[in-house]
Every structure is written in C-alpha cells, then in structure tokens.
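*Asks:* The task is simple: from the sequences and hints, build the whole structure.
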Amino acid sequence: MSVLIFAEAKKGEYKKNAQEAVYYGAKLASQVGTEAIVFTIGDGSNANELGSFGASKIWFNNNSASTDSQVVSALIAQAASKAEATHVILSNTALGKSIAGRIAVKMDASLVSGANALPEGSSVTKGVFSGKAVAKYNLSGDKHVISVMGNSLQPEATGAAGIPEEISLDAPASRVTVVESKTVDGVVPLPEAELVVSAGRGMKGPENWGIIEDLAKVLGATTACSRPVADTGWRPHHEHVGQTGVAIRPNLYIAAGISGAIQHLAGVNSSKTIVVINKDPEAPFFKAADYGVLGDLFDIVPKLTAALEKFKAQ
Amino acid sequence: MNLLVCISKTPETTAKIAFTDGDSKFNEEGVQYIMNPYDEWYALVRAIELKEKHGGKVIAINVGPASNDIVIRKALAIGADEAIRVNGEAVSSMFVAKQIANYAKSNDIDIVFCGKETIDYNGSEVASIVAELMDLPFISYASKMMVEGSTATIERDIEGGVEVVKVDKPFVISAAKGLAEQRIPNMKGIMMAKRKPLTVVEPEAVDSKSTIGSYTVPQGKQEVKMIDPENMEELVRLLHEEAKVI
Numbered sequence: 000m001s002v003l004i005f006a007e008a009k010k011g012e013y014k015k016n017a018q019e020a021v022y023y024g025a026k027l028a029s030q031v032g033t034e035a036i037v038f039t040i041g042d043g044s045n046a047n048e049l050g051s052f053g054a055s056k057i058w059f060n061n062n063s064a065s066t067d068s069q070v071v072s073a074l075i076a077q078a079a080s081k082a083e084a085t086h087v088i089l090s091n092t093a094l095g096k097s098i099a100g101r102i103a104v105k106m107d108a109s110l111v112s113g114a115n116a117l118p119e120g121s122s123v124t125k126g127v128f129s130g131k132a133v134a135k136y137n138l139s140g141d142k143h144v145i146s147v148m149g150n151s152l153q154p155e156a157t158g159a160a161g162i163p164e165e166i167s168l169d170a171p172a173s174r175v176t177v178v179e180s181k182t183v184d185g186v187v188p189l190p191e192a193e194l195v196v197s198a199g200r201g202m203k204g205p206e207n208w209g210i211i212e213d214l215a216k217v218l219g220a221t222t223a224c225s226r227p228v229a230d231t232g233w234r235p236h237h238e239h240v241g242q243t244g245v246a247i248r249p250n251l252y253i254a255a256g257i258s259g260a261i262q263h264l265a266g267v268n269s270s271k272t273i274v275v276i277n278k279d280p281e282a283p284f285f286k287a288a289d290y291g292v293l294g295d296l297f298d299i300v301p302k303l304t305a306a307l308e309k310f311k312a313q
Numbered sequence: 000m001n002l003l004v005c006i007s008k009t010p011e012t013t014a015k016i017a018f019t020d021g022d023s024k025f026n027e028e029g030v031q032y033i034m035n036p037y038d039e040w041y042a043l044v045r046a047i048e049l050k051e052k053h054g055g056k057v058i059a060i061n062v063g064p065a066s067n068d069i070v071i072r073k074a075l076a077i078g079a080d081e082a083i084r085v086n087g088e089a090v091s092s093m094f095v096a097k098q099i100a101n102y103a104k105s106n107d108i109d110i111v112f113c114g115k116e117t118i119d120y121n122g123s124e125v126a127s128i129v130a131e132l133m134d135l136p137f138i139s140y141a142s143k144m145m146v147e148g149s150t151a152t153i154e155r156d157i158e159g160g161v162e163v164v165k166v167d168k169p170f171v172i173s174a175a176k177g178l179a180e181q182r183i184p185n186m187k188g189i190m191m192a193k194r195k196p197l198t199v200v201e202p203e204a205v206d207s208k209s210t211i212g213s214y215t216v217p218q219g220k221q222e223v224k225m226i227d228p229e230n231m232e233e234l235v236r237l238l239h240e241e242a243k244v245i
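Those protein sequences? They're chains E and R, same order as listed. Taking numbering that gives the first Met the number 0, I'd label the letters of the first sequence as residues 0 to 313. Taking numbering that gives the first Met the number 0, I'd label the letters of the second sequence as residues 0 to 245.
Simulated from the structure, these hints should not be mistaken for laboratory data. Being a predicted model, the structure only gives us computed values, none of them experimental. Mixed in with the good hints there might be a few duds.
Per the computed footprint, the stretches of chain E lying under chain R, defined by three or more beta-carbons under 8 Å from a beta-carbon of chain R, are [unchecked claim]:
id	region
1	36-47
2	111-123
3	132-139
4	175-186
5	196-210
6	259-267
Glycine included, every Cβ here is placed at the ideal spot set by N, Cα and C.
*Replies:* Here you go:
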C-alpha cells in the first residue's frame, strides 16, 4: 500500500506544482497510515529535493521523453501498480488534466480533478461553477486518482532529501509528434503564480504596459491581462485570465483598468486577496475586491510600485 | 470524415448559483441553460468547418434527460447533421464518457471533439476518459487545428505558451478559445434543425466511483476597503500586515 505522487518535471526542474503535489500526497499518506512514493519521468536529477516534502521514496524512469498522455499515463499506471498504490496524486496542470482520466480508467479508480484541499475520510472538495461554489465529492472503491489545484496548500520542506532510484517500466510508442514548443522561460506560469499583476483595456494601448511590468517586477509577480486585451493582441494569449482563458487562484491579484465582467471574475475569484485599481466608481470589480483604489491607474500604479520598492528595501 | 462532438448543457454564465435539498442539489429555479460555451463556440464550429471543407458528417452527442433536447436542437441549428441523446442523468464524468465511447466505438468516428471543460463542474475529465476507453491519442486545449489527409496539425495551450503537435486520425481533441469563431444559428438553420434526426438511446449502467454529495457556497467578500490614491504606503502596509500576502 502506498500513495503514489506523479511529480512533473519541466525541463528537468520541479516547479511549485510538483512540490505541492508531493506535499499533498505525503500528508494524505500519513492520514491513511501508509508511505508516500514519488514517481517522476526523466533521469532523476533534481528529484532528490522532493524527498524533503515528505516522500519516503523517489522513483524515476527515463524510457521516454514524451509528454503524450498515452505514454505518460501508461508509465504512471505501471508505477502505481508496482507501488500497490491506493491513491495517485498529480498536479492539475495541462499535462495533469490530459492524463488524470486515463489513469483512473487504467486503475478502475475514482477521479477528482482540481481538489482544493486534503481528503477528509472518503470525500474530497473542489471548486465548481467557476469558483462560485465548492462541491464535496464522495469517493467509493479502493483506488483513487486526485489532481491538486495549484496554490491549494503551501508546501513545506521539513524532511530530508531523498535518493532517487530508477525503476524499470515499459513505455508504449507515442502516436503524437511534438513539432515545436513555444514557451516563455524564467516566468512563473500563471496557474501556479502566488502574485499576479493584471491589466485591462484601461491601459489604452500595449505601449503603456511598462508600468505594469515594473510593478510585477518589484513584487516578483507574473503578469496577466483581460480578454479584450488578449483578443486585440496587446498581450500574448497565454496571459489571458478569466472564463475562457486561464483560471487562477494566487494569494494576491492586482487588477488595473479591468472593469470586472462576470466572465473575468470567474477566472480570478478564488484569489485570496484582490486589489482593484479603477477610475470608474461603478466598476463591478470593486464589489469582488478586498482593497480598492479609485483613480487614474497611470498615476496610481507607479506610486504603488514606488511604495513597494520602499517596503522591499526595509 | 465522421466527426463526433460531445455537447453539454450548463447554467448560463451569469446564473445565480444556489443549492437545495440540504445543499445536495443545484437549485434550477429561474436558471437559464445554455450549451457549454467551449463545446458550442469552439468544438462544434470547428467540426462543422472541417466538414464543410473535407466532407463527411457532424454528429452531436449529449448525455442527459429529454429537457436537454433544446440544447441539442441548437447544435443542429448551428450545423450538426444529426444528434444522439443518451437518456440518462450525467452523474459522473465516467458515466458520461462511457456512453460517448460506446457510441463512438461502434460508429467509425474519425475525430471526437469535446470542449476543454464545462463551466459548471470544471473537470476536464470526459475527453481524457473517452480517449482511454477507445485507446486513442488525446490532444487537450487545442487552439488551432488543420487537417490534411489523415494527419492533423494542432496547436495546444500549455503553461506559458503553446505546443504544436501532429497526430493521425482517429483521435480525441478538447477545444479551447481560438479553435473557431462562434456561429449564431440563422432562421434556415433553426427550421432545418427540426427535421434533422435526434436519436435517443438508453445508457449502459456504470459504477460511478466519484459523485457529488453536497455543496457549499464560499462566504461573500467583506466590504471592499477603499484606499486613498495618494497613500499607496497604506495599501502596502495592509497587504503586508492585514492580508499577509507580501
């Protein structure tokens, strides 16, 4: 018996979502009185650090570099079988979403994707209706697949690093060929960002984004934008947060020049703290905000950046 | 090409979200229902575009009660050629996916389309389960797609960017924003939809291992605290000391 955690490596590194999954799996393992085993695909380098989030073993397999859902899910299901796992835990990332259902079928397991807290007994909760409610799922059977929504738990590295060991598995051939991958390096991806600075049409044009980038830089935040901004090409599509874009739940979401249409709120209303900067006192976003600043963003954003610089220097 | 589009009925985006029966059921009172936007705007329309270019037919499939027919007729009005409704309550993603896979397996489907998620349960589960049940490749979050002969070239959204992949038919795809542009059904489409076949079939029993027991609605936000625009030091102090997020 064990809890098997799939830790996703991005270019050989483990981001916060992987640490969070390991921490979640380790907490669950101690809850049910079993051990937490991490499984990762790759050569195992950098995986030793995952031990400190509570895993007792770290397994790796390097048979395939494919991110195809058929290959990855087959490897995870084999590792789960080897570990006699009752639970498979993974991150609710793009890859996680494409494999969770497959693994549940292979294991004949229950499935909850996007859990926002640890299970309690045989139930686990997740956000539904775009964050407007939380549903408690009842799980039956003896095997369970749970993917963890980013920023649900704060992973704590309290244990010792582990020693990765290679396990032998059979990787099926992939039927999907990756032609190219275009991603931005050196930026925390939006779904796992703790701090997000976002701006909308109130910016008047893409040439004005410098003040948003300056604010994001001093905070160490990821930048985002509203739908009209992405649609007009002022900002790249992957920065669009909201119902049709990326759904996020950072600790801090600062929105400048975004009125707060319900479709935008649907993607950000799970944020812990929301700051809204807008010159329109009727902007609906103020109703969803914790802190509001009424006024011209071109005046306020640089002042906020300066105040943060002063704070950081202390 | 036979193109199967999975469509789901969801509450309209601005619907009031409330629960009844001891918070165990969604309160349908006064709620307007729509076709899940990812299914309608992107998956269905791209399938229709491919049919228009390459020939074949578009079949819309829904798992649900007869009250879902209104959404299915809309899919036919937009341009699907025929529709299947599997007559059962969509109690879990496993239940829904099994019914869809059963139909697809026995009907020589080239591409199964789903939306990237439904806007009610936000699971992104059905497409990946269908793919596994059919032993097919699955391309999620597709924002562009071209088909040449038996091969599709697909651009998909991943964290912080996009990935371009090639895959041979048959396969399963989930549609994200960008895959197509919304189409509004015209009067001719609405009239023709009434004559297009909508076949009702009975579901296969499925052991659903994860089902919703109850709901909670998060407490509303406290009244917004307005900060003097001339005093951003105060906002920083509150973010640090009160909200504890910096």
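*Asks:* Decide, hint by hint, whether the structure agrees.
*Replies:* Right, here's what the structure says about each hint:
1. Requiring three or more residues with a Cβ within less than 8 Å of a Cβ of chain R, the coverage given for the region 36-47 of chain E is violated, as only 0 such residues are present.
2. Here's how the region 111-123 of chain E fares: 4 of its residues keep a CB closer than 8 Å to some CB of chain R, so the rule of at least three is met and the hint holds.
3. Taking a C-beta to C-beta cut-off of 8 Å, the region 132-139 of chain E contributes 8 residues in contact with chain R, enough for the three needed, and the coverage statement holds.
4. Look at the region 175-186 of chain E against chain R: 10 of its residues bring a Cβ nearer than 8 Å to a Cβ of that chain, three or more, so the hint holds.
5. Only residues whose C-beta sits within less than 8 Å of a C-beta in chain R count toward coverage, and the region 196-210 of chain E has 0 of them, not enough to reach three; the restraint is violated.
6. Residues of the region 259-267 of chain E with a Cβ under 8 Å from some Cβ of chain R number 3, which satisfies the need for three, so the listed coverage holds.
Hint check: violations occur at hints 1, 5; the rest are consistent with the structure.
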